[in-house]
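**Q** Each chain, written out:
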Amino acid sequence: MTVIEARSISKQFHHHTVLDNVSLSVAKGETVCLLGPSGAGKSTLLRCLNLLEPLEAGAVFLEGELLGFREQHGKLYALSKRKIARQRQHIGMVFQHFNLFPHMTVLENVIEAPVGVLKQSKLEAKRHATELLDLVGLSDKAHAYPASLSGGQQQRVAIARSLAMRPKVMLFDEPTSALDPELVSEVLEAMKKLALEGMTMVVVTHEMGFAREVADRVVFMADGAVVEEGPAREMLTNPKVDRTKDFLARVL
Amino acid sequence: MSYVIGVTQEESVPKAPLREIPPIARQFHVWRLIGAAVTLLIAGSIILSLSQNEALNWPVIQEFMFQERVVAGLRLTLELTVISMIGALILATIIANMRLSPNVVLRSISWAFVWFFRGIPLLVLLVLMFNVSLLYPEVSVGLPGQTPIWSASSGDLLNPFWAAVVAFVLHQSAYTSEVIRTSIRAVPKGQIEAAESLGMTHLRTLQRIVLPQALRIAIPPIANDAINLLKATSLVAFIAVSDLLYSVQQIYASNYQIVPLLVVAALWYLIIVSIMSVGQWALERRFGRGTARLGTTVKAAGGKNR
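As they're listed, the protein sequences go chains A and B. My numbering numbers the first residue of the first sequence as -17 and each following residue consecutively. My numbering numbers the first residue of the second sequence as 2 and each following residue consecutively.
Same shape as in the complex, but just chain A (with noise of 0.2 Å):
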């Protein structure tokens, strides 16, 4: 079953295409890889498949939902701010800068929205806030400050609040660039237990070594076009296009 799709998407920033009729696909419990070199358009795919950025053409749909637009007479209509906020719910975001909300402990950050949005009672969403926590392995920082947490343990608590919404697909911007390289492997452990668990992913990411072993598919990307996808393992180390092998060449 389809849980994400994106059909014939476009996009343009001040008259420079970035995303140029792309489709993407995504299967459930499928981790799926978006790799390619910077100003290829992941970044911005990922984006619009969470409505951050509005989109000039094509659609996103959410387990065969249409994304931020109702179809009325032959034309899309976009919906209100409110029912784009509700269909966000079910879309889980990790951002490279983790943009934890600093105002916060890691327990109120995790807890904001299921008590906010969902309407969970506080000690319903304590409850499942201490359980995410567990698997991100921070429960003895719930009560810490996210500026007292190093970036690897911020970005884990950025997870466990993005989970706390039981999401139907989880995405994720570049989660390790902003770390220091002793960092990256934990959040990478994180991920990768979730994807175990039968989460659904997709991940836009420098990480070769992640994208081999977890990921189902990859798919590479350059100037705002699909160039080529397929299985993880074949891909990485048997590529068809010789774009694809230039840019495996220069990372691997």
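Hint data in this document are derived by calculation from the structure and do not stem from the laboratory. Some clues are possibly wrong.
What the hints assert, rightly or not - Chain A side only, calculated, beta carbon under 10 Å to chain B, not exhaustive:
hint	residue
1	N32
2	P36
3	Y127
4	L153
What the hints assert, rightly or not - BS3-like cross-link-like pairs, simulated, lysine-lysine; straight-line CA separation at most 25 Å:
hint	chain 1	residue 1	chain 2	residue 2
5	A	K65	A	K101
6	A	K65	B	K232
7	A	K63	B	K190
8	A	K101	A	K63
9	A	K150	A	K175
10	A	K63	A	K150
Note that the coordinates shown come from a computational prediction; the quantities given were computed from them, not determined experimentally. We put the beta carbon where it would ideally sit given N, CA and C, even for glycine.
Mind docking chain B on chain A? Use the hints.
**A** Chain B in isolation, oriented as in the chain A frame:
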């Protein structure tokens, strides 16, 4: 060869003699000491001359500090400040959000509001509001060209106290809206994106994520504004509202103890400003949660984690 790349040959490097290195001596800044001495001398002589000045008359100051009219004036000053500041904060938040709106009409009107009320002197605005009945003798509610549903004369509606409140709110909100606007913009965009990606609505994001962080930045300048407003309320003496300053003026007009009574007013203003500064400190602490510099992080994290 060694010359070309700038490396001196080993035998030419002089070796420091092997002995114990003495500690670094404390430096004396002669001019700094002289400056301090002169400043102390000037400050001391001013205090001395004040304490010996008969005209200051400390017993009179003591007598009038808690005199009935002074206390009533003080209460009115406080009411004026608190009501005006609350009104200004509400209006300023609206104006600030209008200025951040993508809509050009809202943006232009809020810009014009700030331009106008920041541009005219407070005293002019105050006297204008006091005389507003000359501009609009009557206020009516209803559809244009039809019998009004309700009407009243503006003199009845706006007594001098409320005329002053309106003037202060308009003046202060023009300033404070700029503080709020810049503070909101100082919150990183990633915070809003994170909140939105969690499915939080626009209003909820503003309430729970943006405003608490913006307030941390806005508190010092807003406290400044509030302190300025407290002192600016003394301008109501011009429209005969009996605040603290007007009350002491009334008293010294009959007993001629001009300086002691002005000192009474000055002392009260100082006391209130001091209390407000403590309040500012407490608010900064409250909204500074999570910022490592205030040390709250350490406390909240608990000894176990440190």
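**Q** Does each hint hold? Answer for all of them.
**A** Comparing the hints with the structure gives:
1. N32: 6 Å, holds
2. P36: Since chain B brings no Cβ nearer than about 13 Å to P36 (chain A), farther than 10 Å, the hint is violated.
3. Y127: Because about 4 Å separates Y127 (chain A) from the closest Cβ in chain B, which is inside the 10 Å limit, the hint holds.
4. L153: 8 Å, holds
5. A:K65 to A:K101: 16 Å, holds
6. A:K65 to B:K232: The hint is violated at about 48 Å.
7. A:K63 to B:K190: 17 Å, holds
8. A:K101 to A:K63: This hinted pair holds, its Cα atoms lying about 19 Å apart.
9. A:K150 to A:K175: 16 Å, holds
10. A:K63 to A:K150: Measuring from Cα to Cα gives roughly 20 Å; hence the hint holds.
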